[in-house]
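Respectively, the protein sequence lines represent chains A and B.
Per this note's numbering, the very first residue in the first sequence carries number 40; after that it's consecutive.
Per this note's numbering, the very first residue in the second sequence carries number 36; after that it's consecutive.
Calculated directly from the structure, the hints in this document are not laboratory data.
Some hints here could point you the wrong way.
The calculated label-pair distances, taken between Cβ atoms and stated as ranges, are [to be verified]:
(1) Ala84(B) - Tyr340(A): 57 to 65 Å
(2) Glu57(A) - Glu182(B): 16 to 24 Å
(3) Gly186(B) - Asp433(A): 32 to 40 Å
(4) Val491(A) - Ile124(B): 28 to 36 Å
(5) Asp379(A) - Gly186(B): 46 to 54 Å
(6) Glu378(A) - Ala84(B): 43 to 51 Å
(7) Ile124(B) - Asp379(A): 36 to 44 Å
(8) Ala84(B) - Ala72(A): 50 to 58 Å
(9) Lys112(B) - Gly392(A): 44 to 52 Å
Where is the CB? At the ideal position from N, CA and C, for every residue including glycine.
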Amino acid sequence: MIRIKVMKFGGTSVATPEARLIAAHKVVAAKEAGFNPVVVVSAIGRAGSPYATDTLLALLRDVDPLVSPEPREVDLMLACGEILSTCVFAQTLKSLGLRASAMTGGQAGLITDGTYGNARITEVHPDDVFKVIRAGRIPVVCGFQGSSRTNSESVHGEITTLGRGGSDTTASALGAALGAEAVEIFTDVDGVKTADPSMAPDAPTLRKMTYEEVAEIAHQGAKVLHPRAAEIAMKFGIPLWVKNTFSEEPGTEIVTRDKFPGRRVTGVTHTGKLIYLQFDSPFGADKAAIEARVYELMADYRINLFMLNAHPSSFGFAVPRKQLANVKEILDGLVIPMEDGNPRTYVLQVGRGGSTEVAAQERMLRNVPRFGEIRKCIAKLTENCTMVSLIAHDYLQQPGIYLRVMECLEKGSVNVLQTSDSQLSLSVLVLESDCERAVRLLHDEFELRGAV
Amino acid sequence: MQHQTSFETARGISDVEVSHGHALIVVTGFNEAEESAKRLEALRVLASAGYSIDFLKLALGGFSFVVQESAALDIEKCLSEAGFDAKAIQRRSLITVRAPNIRDESGLVARIAQTVVASDASIESVGDMHSAVLLVVHSAVADRAGEALRGLIGKVDIL
């Protein structure tokens, strides 16, 4: 019986020779404890580092900013980051007297659906990983990548990257395929905390949480384990841990619901910077057509929508601030004609100020009789917003939870702009300037300092 | 040992469920100066009476939320007796659209909303979680909207 433990080290854990040595000693400890470690690594360092994913991508894009690289070459380039990292980490293990073999995702048997930039793992054939283990060596596998199935177009398969959370997903998938006793995700924090410690310094590390909770906490903005990794571990019943490379803290164990039942609040999260758009207009029966067109364009241009809201005479949603320029370009001056025998045309305007684009469109349309009455639809912008969310497990359906949330924020002078909820979370849209206060107030109100 | 298996759920919409028997409660008539205090007062009345609410949405001069249809008229009465202008709008349905890692699929929430609106269902409230988008619509059009969404199951080109 081979006892396998998959150990995944993220960018900061392999960023420097010192960090790699600390990580390598964790591998030594696992080996001494009787495990056959299988290591998965991310690219070296984060944005700005010479071998980080962003740096490699910039190297390709900077060849000529006017010529976009093709997704195939982007994936090949990005895959180099993890290949470099595996070779360096395998060499670090060798420097400690261990035998190790660096492997690409494809060599480790990770087969994907072939989608460049956001591939899904469809199969894992771990035979070669087992061969390395049986030879007494430690496999060091590239995270974030796999190889597509061979077909008539590609005899050897294509290197594809897995998108966000790719290295966590690699670790979970390998753990499942190898029948690992545990998958450990090493990062630079002690595990999953009840809140961002930069906002709630007394936020404790959760010792246990369920797969659903970790997926929701990540969905609502916490930068922890990626939900894709949790999904695979849950599906195959693999024990999953989030641990700190740089401490001996026990970390957070992710378990199935039956192993951690009960009703509780798990944590408070906050998302990034958002802009809220509210479309108010005397639409009448035209609202559906305008709404459908706006949503269609947001989907076609792949805009991420948060906190959708609808009323008989208005609708609205939040978008990430970094996508606002895009949204403005798509919607400002957009012409939506109603073609039902009574000609009238809507011109969308993003923001109260009104752009020259909108004014020009209006002038032009007024001179063309077939467009009929020209009506302006203004999307009011609320800038500098963020979403603060309470994550909970079998808790939010109790009477009075909304009251507690709204009352505690009101007492703390936090203005709630909008709310949203599901079985697992209750979110409030607040101004960014109120974010830290809102996180602390909710963290205190639901007594998360004592959470374990 | 399983050497060849299916690991991840495919991208996009994987399932659609429609559940009937919900109602929308709309509370109106707050003036701007007292909006926040009145909202809290109404939430206090609901909590004291033991009513659980979902999909709270704030609006100018009031708010709305979703409850079980069986409790809607009692809730309307409870709020009215406490001095609030509340109206129960019955025959609402909840459409649950399951899709893994929604935040990673830019444009998917918008495509779901577009599909529902294009099937002549007016969206009255929306919520989301990591693996699903939840939409409240009139029961008369819920099944049609559900069917339109089911037509997107397994289609990656909608993204």
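Results for each hint:
1. Ala84(B) - Tyr340(A): 57 to 65 Å: violated, 45 Å
2. Glu57(A) - Glu182(B): 16 to 24 Å: violated, 59 Å
3. Gly186(B) - Asp433(A): 32 to 40 Å: Because 33 Å falls inside the window, the suggested range holds.
4. Val491(A) - Ile124(B): 28 to 36 Å: Violated - the Cβ-Cβ distance for Val491(A) and Ile124(B), about 43 Å, lies outside 28 to 36 Å.
5. Asp379(A) - Gly186(B): 46 to 54 Å: violated, 25 Å
6. Glu378(A) - Ala84(B): 43 to 51 Å: holds, 49 Å
7. Ile124(B) - Asp379(A): 36 to 44 Å: For Asp379(A) against Ile124(B), whose Cβ atoms are near 27 Å apart, the range 36 to 44 Å is violated.
8. Ala84(B) - Ala72(A): 50 to 58 Å: holds, 57 Å
9. Lys112(B) - Gly392(A): 44 to 52 Å: Holds - the Cβ-Cβ distance for Lys112(B) and Gly392(A), about 46 Å, lies within 44 to 52 Å.
In this structure, the hints that do not hold are numbers 1, 2, 4, 5 and 7, in rising order.
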